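Assemble the whole structure, with the sequences as input and the hints as a guide.
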Amino acid sequence: MSYKIKSLLYFVCFVLSAFTYYALDSNQIHEQEYTSVEVVEITDENLKPAFLIETENLN
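Residue numbers (this note's numbering): 2 to 60.
To be clear, the hints were calculated from the coordinates, so they are not data collected in a lab.
Since the structure is predicted, the reported quantities are computational estimates derived from the model, not experimental observations.
You may find that some hints are simply not true.
[To be verified] Have a look at the derived ranges for each label pair, beta carbon to beta carbon:
id, residue 1, residue 2, range
1, Tyr22, Ile54, 41 to 47 angstroms
2, Ala19, Ile54, 44 to 50 angstroms
3, Glu42, Leu17, 43 to 49 angstroms
4, Tyr22, Thr44, 38 to 44 angstroms
5, Ser18, Val40, 38 to 44 angstroms
6, Glu57, Ala19, 39 to 45 angstroms
7, Val13, Glu55, 55 to 61 angstroms
8, Leu53, Tyr4, 56 to 62 angstroms
9, Val38, Tyr4, 52 to 58 angstroms
10, Cys14, Phe52, 48 to 54 angstroms
11, Phe15, Glu39, 35 to 41 angstroms
12, Ile43, Thr21, 40 to 46 angstroms
Glycine included, each C-beta is placed from N, C-alpha and C at the ideal position.
In structure tokens, the structure reads:
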């Protein structure tokens, strides 16, 4: 087989495997239904900086 035919065959197999994986994965996702929602409250106390930046006075 020539290089172009092998490349085309590999590409077709890749596309088929991607569609098969997507179909199987999306089928499992739709079985689960989310029935509750959790709300997270963010306050200023939670927003502390990870590190301090010190500035120099260049005057």
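Quick rundown of the hints versus the structure:
{"no.": "1", "hint": "Tyr22 <-> Ile54: 41 to 47 angstroms", "in the structure": "46 angstroms, holds"}
{"no.": "2", "hint": "Ala19 <-> Ile54: 44 to 50 angstroms", "in the structure": "46 angstroms, holds"}
{"no.": "3", "hint": "Glu42 <-> Leu17: 43 to 49 angstroms", "in the structure": "47 angstroms, holds"}
{"no.": "4", "hint": "Tyr22 <-> Thr44: 38 to 44 angstroms", "in the structure": "42 angstroms, holds"}
{"no.": "5", "hint": "Ser18 <-> Val40: 38 to 44 angstroms", "in the structure": "40 angstroms, holds"}
{"no.": "6", "hint": "Glu57 <-> Ala19: 39 to 45 angstroms", "in the structure": "54 angstroms, violated"}
{"no.": "7", "hint": "Val13 <-> Glu55: 55 to 61 angstroms", "in the structure": "60 angstroms, holds"}
{"no.": "8", "hint": "Leu53 <-> Tyr4: 56 to 62 angstroms", "in the structure": "59 angstroms, holds"}
{"no.": "9", "hint": "Val38 <-> Tyr4: 52 to 58 angstroms", "in the structure": "54 angstroms, holds"}
{"no.": "10", "hint": "Cys14 <-> Phe52: 48 to 54 angstroms", "in the structure": "50 angstroms, holds"}
{"no.": "11", "hint": "Phe15 <-> Glu39: 35 to 41 angstroms", "in the structure": "39 angstroms, holds"}
{"no.": "12", "hint": "Ile43 <-> Thr21: 40 to 46 angstroms", "in the structure": "42 angstroms, holds"}
Taken one by one, the earlier hints fail for this structure only at number 6.
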